[in-house]
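If you read the sequences in order, they're chains P and L.
Everything in the first sequence is counted per the numbering used here, starting at 1 for the first residue and increasing by one.
Everything in the second sequence is counted per the numbering used here, starting at 1 for the first residue and increasing by one.
Just so you know, these hints were derived from the structure itself, not from any lab.
Even for Gly, the Cβ is constructed at its ideal location relative to N, Cα and C.
Do not take every clue at face value.
Keeping only pairs whose Cα atoms sit at most 25 Å apart, straight-line, the calculated BS3-like set for lysine-lysine is [as the list claims (entries may be wrong)]:
id, chain 1, residue 1, chain 2, residue 2
1, L, K120, P, K8
2, L, K79, P, K241
3, L, K234, L, K262
4, P, K241, L, K58
Residues on chain L that point at chain P, a partial pick, calculated with CB under 7 Å [what the hints assert, rightly or not]:
id, residue
5, C52
6, L55
7, A59
8, R75
9, V91
10, A97
11, E98
12, P106
13, G112
14, F113
15, D116
16, S136
17, F244
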Amino acid sequence: MAEILTAKKLAIKVSICLAVLVAVMALCAMVGTQKISLKKVFAGPGQEPGQNIDYEILVGVRLPRVILAALVGAALACSGVVLQAILRNPLADPYILGISSGAGLGVITAVISGITWKFWGGSPIAVFAFVGALATVWLVWCIGHLTGKSQVTSLLLAGVVINAFFSAVIMFLISIAKSEQLRSTVLWLMGNIIEKDPAVLGVSTVCILAGIIALFSISHRLNILTFGQEEAKGLGVDTAKTTAIAFGLAAFTTAIAVSLSGLIGFVGLIVPHGVRLVFGPDHRQLLPVSAIIGGAFLVVADTLARIIVAPAQLPVGVITAIAGGPFFLVLLAKYSRKVSWLK
Amino acid sequence: MSGIIEVKDLNFGYTPQSTILKALSFEVIQGRFVGIAGPNGAGKTTLLNLLCGLLRSKAGSIKIDSVPIESYSARKLAKKVAVVRQEFVPVFDFCVAEVVSMARTPYLSTFGFESDTDKKIIDEALEMTDTARFASRPLANLSGGERQRVFIARALAQNTDILLLDEPTTFLDLKHQVGIYDLLKRMQLEKGKTIVVVTHDINLSTQYCDEILLLGADSSYQYGSAKDVFSPHKIEKVFGVRGFAGKIGTEKFFLPLGKFAKDAHIITTNINSTTKK
Numbered sequence: 001m002a003e004i005l006t007a008k009k010l011a012i013k014v015s016i017c018l019a020v021l022v023a024v025m026a027l028c029a030m031v032g033t034q035k036i037s038l039k040k041v042f043a044g045p046g047q048e049p050g051q052n053i054d055y056e057i058l059v060g061v062r063l064p065r066v067i068l069a070a071l072v073g074a075a076l077a078c079s080g081v082v083l084q085a086i087l088r089n090p091l092a093d094p095y096i097l098g099i100s101s102g103a104g105l106g107v108i109t110a111v112i113s114g115i116t117w118k119f120w121g122g123s124p125i126a127v128f129a130f131v132g133a134l135a136t137v138w139l140v141w142c143i144g145h146l147t148g149k150s151q152v153t154s155l156l157l158a159g160v161v162i163n164a165f166f167s168a169v170i171m172f173l174i175s176i177a178k179s180e181q182l183r184s185t186v187l188w189l190m191g192n193i194i195e196k197d198p199a200v201l202g203v204s205t206v207c208i209l210a211g212i213i214a215l216f217s218i219s220h221r222l223n224i225l226t227f228g229q230e231e232a233k234g235l236g237v238d239t240a241k242t243t244a245i246a247f248g249l250a251a252f253t254t255a256i257a258v259s260l261s262g263l264i265g266f267v268g269l270i271v272p273h274g275v276r277l278v279f280g281p282d283h284r285q286l287l288p289v290s291a292i293i294g295g296a297f298l299v300v301a302d303t304l305a306r307i308i309v310a311p312a313q314l315p316v317g318v319i320t321a322i323a324g325g326p327f328f329l330v331l332l333a334k335y336s337r338k339v340s341w342l343k
Numbered sequence: 001m002s003g004i005i006e007v008k009d010l011n012f013g014y015t016p017q018s019t020i021l022k023a024l025s026f027e028v029i030q031g032r033f034v035g036i037a038g039p040n041g042a043g044k045t046t047l048l049n050l051l052c053g054l055l056r057s058k059a060g061s062i063k064i065d066s067v068p069i070e071s072y073s074a075r076k077l078a079k080k081v082a083v084v085r086q087e088f089v090p091v092f093d094f095c096v097a098e099v100v101s102m103a104r105t106p107y108l109s110t111f112g113f114e115s116d117t118d119k120k121i122i123d124e125a126l127e128m129t130d131t132a133r134f135a136s137r138p139l140a141n142l143s144g145g146e147r148q149r150v151f152i153a154r155a156l157a158q159n160t161d162i163l164l165l166d167e168p169t170t171f172l173d174l175k176h177q178v179g180i181y182d183l184l185k186r187m188q189l190e191k192g193k194t195i196v197v198v199t200h201d202i203n204l205s206t207q208y209c210d211e212i213l214l215l216g217a218d219s220s221y222q223y224g225s226a227k228d229v230f231s232p233h234k235i236e237k238v239f240g241v242r243g244f245a246g247k248i249g250t251e252k253f254f255l256p257l258g259k260f261a262k263d264a265h266i267i268t269t270n271i272n273s274t275t276k277k
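Taking the hints into account, I'd like the entire structure generated from these sequences.
Here is the structure:
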């Protein structure tokens, strides 16, 4: 009688969304300045490098990039969902609690200090971003718990203050940086999906997927947390523990995403809202579907970033902001009558 | 036996210096309907929060079914005690059925989905509270009275022996006030639930409650049958208000009168005259 989400209904919806994601990834991998013949790709790699260019471009360059975009999109959308739930704030996004400025500070410190060592054969910028992001979130969490009764408000305030303070430090460092250092920092700040080493991609995939599955396991408790701490306790939720787990996992997945691809805005804000408008607010559904749609959204955005000004490339953050805004407005206009906080 | 609340020598204050509840002792018997009344700031909601484990007392004990409340995990307590707070609109747009289904959370496993038994309980709760007809509507689109019924449905679906309610009729019109009390009485009589309701409504609680706990602003308290506790004299003393007290049939009532009421001069001289008849 009552319309409640069942495991079966969820499985069907998630399967359909996954099919869409795979289709989008396949299509986007085929698109680009270099036309690719599937026939050649299926012939397999040549005896020597350079013999089958089509195969090498698709498998060696485009597929890893498409997978990376899907991963980053999924991570950002998921932590957007979680932070909106635990902060009970529709305006929350993955960066609201200082992750962006912390990672940014890590990156600019790495660039300016001119470090030369390598990490997994690449630049250690990602490591600095990851450490900066997690350290900042930890700082915000501690400050948020120092102050007072309403955890949510003090967390938000601590996040806003730390973000503002670190942004000021970043601006200071940018103003004293040399011009060649500036370019790499600014590019990072705009968000960029760049092909990664397969090992890095593998480890990140495992971490992000594990984070999403762990978040899914507490998703029914997130539903109740959106009603506030008192209500959640009354329904048997250990609110302190659940909030800490949700917050930690969201910070962890976001930190990985940020260290992989820099600051990509809008995905973590609009994808959860879009999915909520269409599918409803139940987090058991909202979380996995947002992860999948977030992945697909960023794959498409990154493909556009690759081809719009080809052979040059745009930072994907520019595309997500330009395309995401209007797309979200269309959704709002269509569904706003269903949603109370818009009235 | 289940659904018993024992409070003994309870003390509570929000700061070390302040005391709101002092040496409070009372016992709620299984399946009774108890009202908690008193002026603003007397500690009614504080006591409710202590009874549902949201606050911890400094001294004294609260036992639910003979077990100290501190010994319950949040989850176990949620299977014993359900709370209905003053109605509010949630941030996100959950529909009525979704809100009521949240009551089953303490019974779900990890990756929890409601079983057929859970769904049956949810449907029953929706039926009993007459909320089934708008089960798929968002909570935000309902009136205050309808929303309050949804939260009562949720508490019912939580399948607890004890139900605590914080001023469930505050923003409702007369019809809905009576409707809520009728619903609570049915839950007491048909389901055998112990019901504790914080209330400002002396007349409705006199009609419906078996016992009243009247908290004074000075940490004093009275506990007993509604008809004893709500004597005009005690009402005047605790609330600082005078009025007409009377009886129609077997129902007692109290009508507060302000200084500027037309009949104010009558009650200032003899408050008890009407009740003695």
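Task: Violations among the numbered hints, reported as their numbers in ascending order - done: 6, 7, 15 and 17
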